[in-house]
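Using the sequences plus the hints, can you model the full thing?
Those protein sequences? They're chains A and B, same order as listed.
Note that numbering that gives the first Met the number 0 numbers the first sequence so that position 253 is 252, with each residue one more than the last.
Note that numbering that gives the first Met the number 0 numbers the second sequence so that position 59 is 58, with each residue one more than the last.
Check the hints yourself; a few may be wrong.
If you anchor each label on the Cβ, the simulated ranges turn out as follows [stated by the list, open to error]:
id, chain 1, residue 1, chain 2, residue 2, range
1, B, S164, A, L216, 14 to 24 Å
2, B, V134, A, G170, 47 to 57 Å
3, B, S197, A, G202, 18 to 28 Å
4, B, S118, A, G114, 55 to 65 Å
5, B, D248, A, G170, 27 to 37 Å
6, B, S84, A, K161, 30 to 40 Å
Covered, in the sense of this in silico footprint (three residues per stretch, anywhere, with C-beta under 8 Å from a C-beta of chain A), are these stretches of chain B [unchecked claim]:
id, stretch
7, 72 to 85
8, 142 to 152
9, 288 to 295
Looking from chain B toward chain A, a few residues come up when the C-beta cut is under 10 Å (computed) [stated by the list, open to error]:
id, residue
10, P162
11, S164
12, H263
13, L301
Hints are computed from structural coordinates only; laboratory data are not their basis.
Quantities reported herein were computed from a predicted structural model and do not represent experimental measurements.
Backbone N, C-alpha and C fix where the C-beta goes; we use that ideal spot for every residue, glycine too.
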Amino acid sequence: MPNEPPKPLPPKPFTVIKTERQISSIRFSPDGKFLFAAGRDGKIHRWDFSQPQAPVEESADTQKQNSKVPEPVVPELPPLSGHDGWVSQIAFHPKSPHLFSADTWGRLIGWSLVGATPQSVWNVPNAHDGWIRQVALSADGEQLATCGLDKMIRLWSTADGKKLQEIVGQGEDVFSLAFHPDGKSLVAGDLKGIVKHWNLADGKVVREFDAQILYMLSFIQDVGGVRVLAFDAEGKTLAVAGAKPASGGFVEALPHVKFFNWSDGAEIQTLNIGEKTEGFVHELAFHPDGYWVGVCSGQPGRGRFFFHRVGEPQPFFTADKQMPNCHSAALHPTGERLAVISNAGTSGQMKSKAREGIYPGNSSPIHIFDLPKVTV
Amino acid sequence: MKHNPLCKPWEHRLSRRQWLGGAAGAAAGTFGLGNITTSAFAVDLKKKYKQVLFIWLDGGISQLESWDPKPNTEFGGPFRTIATSVPGVHFSELLPHTAQQMQHLAVVRSLCTQDDAHSSGVERIQRGDPKNRGVVYPYFSAAVTKLLGPNDSGLPPSAWIKPMSGGFIYKDAGFLGPKYGSLAFGDGKPPENLLQHSSVSNQDLLERSQLRTLADKRYSQTHRDGATEANSFVYDMGLELMKRQDMFDMSKSSPRDVERYGTHDLGRHLLLARRMLEAGVTFVKVNSYGWDTHGDNFNGSLSLVRKFDQPFAAIIEDLSAAGMLDNVLVIAMSEFGRTPRVNGHLGRDHWPEAWSLVMAGCGVKRGIVVGSTNDNGSYVNSEPYDIGHMFHTWFNALGIDSQKTEYNNNSQPLPIAHEGCHPVKELLA
Chain A
0 MPNEPPKPLP PKPFTVIKTE RQISSIRFSP DGKFLFAAGR DGKIHRWDFS QPQAPVEESA
60 DTQKQNSKVP EPVVPELPPL SGHDGWVSQI AFHPKSPHLF SADTWGRLIG WSLVGATPQS
120 VWNVPNAHDG WIRQVALSAD GEQLATCGLD KMIRLWSTAD GKKLQEIVGQ GEDVFSLAFH
180 PDGKSLVAGD LKGIVKHWNL ADGKVVREFD AQILYMLSFI QDVGGVRVLA FDAEGKTLAV
240 AGAKPASGGF VEALPHVKFF NWSDGAEIQT LNIGEKTEGF VHELAFHPDG YWVGVCSGQP
300 GRGRFFFHRV GEPQPFFTAD KQMPNCHSAA LHPTGERLAV ISNAGTSGQM KSKAREGIYP
360 GNSSPIHIFD LPKVTV
Chain B
0 MKHNPLCKPW EHRLSRRQWL GGAAGAAAGT FGLGNITTSA FAVDLKKKYK QVLFIWLDGG
60 ISQLESWDPK PNTEFGGPFR TIATSVPGVH FSELLPHTAQ QMQHLAVVRS LCTQDDAHSS
120 GVERIQRGDP KNRGVVYPYF SAAVTKLLGP NDSGLPPSAW IKPMSGGFIY KDAGFLGPKY
180 GSLAFGDGKP PENLLQHSSV SNQDLLERSQ LRTLADKRYS QTHRDGATEA NSFVYDMGLE
240 LMKRQDMFDM SKSSPRDVER YGTHDLGRHL LLARRMLEAG VTFVKVNSYG WDTHGDNFNG
300 SLSLVRKFDQ PFAAIIEDLS AAGMLDNVLV IAMSEFGRTP RVNGHLGRDH WPEAWSLVMA
360 GCGVKRGIVV GSTNDNGSYV NSEPYDIGHM FHTWFNALGI DSQKTEYNNN SQPLPIAHEG
420 CHPVKELLA
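This is how it looks when you write it as structure tokens:
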């Protein structure tokens, strides 16, 4: 196929950062020097990538790394406190040294990253009534959008944390949102698989995208939801992701992504990934080289990360072996490095351990890969 | 004629068609379709009879997302807690309506039971996990209807409202015999064809009923009493249900009730349960399925627990307002709780080591929490209670002395609850 775009070489394992607790999401700072993680211990964890030490053996594959975690080669910095419950999301300002973080108790914090120790510059304790599902920055960094369990979408000034706008009418628990790169529109996706395109000028719905395949009612359990919304760099393609649920309880679900043409709303492609044990697509990021990087997590031990170019029948890369329960991924700003969080520890009950007074929790190792540049 | 002690399996199968056919036949010329005013009956009932509402959350509700939250701890999950109507008692934020009814409730946070599998755990819990004596013990429903005896409502003593199919569930009765089985109302609906078919005359029905009586007599000559008795019993229940069809007509529910209970299965079924209690059913079990949240537990609990919260709070409020809570024992529970540890699928697995249930009403202290777990919820740090303790407590709450009362199983005396356990006095009013 002479016109086929060049594919990058497979990712090369760089290191694995061990964590003590589980992690919700990870992001590289815009200068690429730091990796931040939203912790399910209510803290924001940080690692300094500015002077990484020697990498681990390149031949170590993912599975081996998981069973024998190497010593961290990236120095960890003291975590940031101030949240309750789980830190659900973090996002960096695209142009200035600021971080924004949200938690499951409804708190939103703006941080200044100037100096050795980040400082909270504003703090909104009840930005939402409970779980803030997603945060997103406008392209110019002026506005921060949040959505949550309270069915609300709110826009905030990144400068001082003041509420700028409230969008009512999504109707359900709002799982995900994203600014269009032009800054004029916002998309939000909910539990029932409805994606609404909101015009920020008047706060009205422009149109809807149908992703109801991402939802099912199992007995009385609502299962699914639009877990991810993302645009490509130019805002021409909207990616809507989650899973096609097969059951409640265990929640068997087939990872599923829909790509829409933003200009006319036409569905470009539907992508099913793996098997129904592999669960939800939890993250999609658009790589500067024009492809999507995604992760999914299903039954304990099941998950993967994949690279996909829209229009091709299947992802052009998926990890050979399962990477247990990938809940987030972060692309380095240069596109040359990828961080993926997985899960380590034990599933099941461990009653005997509990009776001995030992009851270990699980953790989220962060797998760091180098992404070799595409060579033509 | 030689007495054959063994029944054939199909002889126990009381299909809806059989049941309804007989019920309709016997009704001819004998019963009209007049209604009994359920609220008037309820007033009478509250003076005389004890009843049970048993809400079974099949698969295992997470105690951490309901009755025993551990916010801001390693295994506490993402949710906040909320204050209840009883100072100092907090629930998960997923129970806002129930929190306002805490003054009626008794929460047990120190359950430690033996079985962590659904297949065996459901039976062990609902049979009270007695010592093995080579017999199959009755479910709590059968035990209660046997020990409390019949009331004069004429309705099935044990009704089971559940999703999916219905039928007569005789196996719940264990050694008590099929008569003490439960009549299951699939999807909360009455059995099909309950009304007398227009093509069947009253004379036809009368003759059919007489034929059935003859057949019963003949059958009983060669079989144990229990089967024939159960068969006749089911027909009689059918006759009574014909008079009470209005119970099932949810279109007559007030808009306020529909809003308060919700339109989902559990809401509709709990509203029907209230009507059945008002009409005089001794034991009403309501099942909700899908609580086995090994995956995506927190989003799952968001819909499951909240859809439990609303109608549960409503029925507690209604029973209390009607004065029925004095005589109706309400229990809501599962076969076990869920692991404190969160697995990679953001689920919680089975955890019988430290879990919770809630009860209210007849014979139970109100507004109390009994027992506790350690800081991260992984084990009980007060006296642990097994299901045997709960059976003793429930029987005593219903006025049955669980340590003196025995079953008589063909001259074999059997304790009604595990003799290694005892009633939890803290829970008893």
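Hints, verified against the model:
1. B:S164 with A:L216: 14 to 24 Å: holds (19 Å)
2. B:V134 with A:G170: 47 to 57 Å: holds (55 Å)
3. B:S197 with A:G202: 18 to 28 Å: With a Cβ separation near 59 Å, S197 (chain B) and G202 (chain A) fall outside 18 to 28 Å, so the hint is violated.
4. B:S118 with A:G114: 55 to 65 Å: holds (59 Å)
5. B:D248 with A:G170: 27 to 37 Å: Once the Cβ atoms are compared, 31 Å apart, the range 27 to 37 Å for G170 (chain A) and D248 (chain B) holds.
6. B:S84 with A:K161: 30 to 40 Å: Holds - the Cβ-Cβ distance for S84 (chain B) and K161 (chain A), about 36 Å, lies within 30 to 40 Å.
7. 72 to 85: Per the Cβ count (7), the hint holds.
8. 142 to 152: violated (count 0)
9. 288 to 295: holds (count 8)
10. P162: holds (6 Å)
11. S164: Cβ of S164 (chain B) sits 14 Å from chain A, so the hint is violated.
12. H263: holds (5 Å)
13. L301: Given a least distance of 7 Å, the restraint on L301 (chain B) holds.
Comparing the model with each earlier hint shows violations of hints 3, 8, 11; every other hint is respected.
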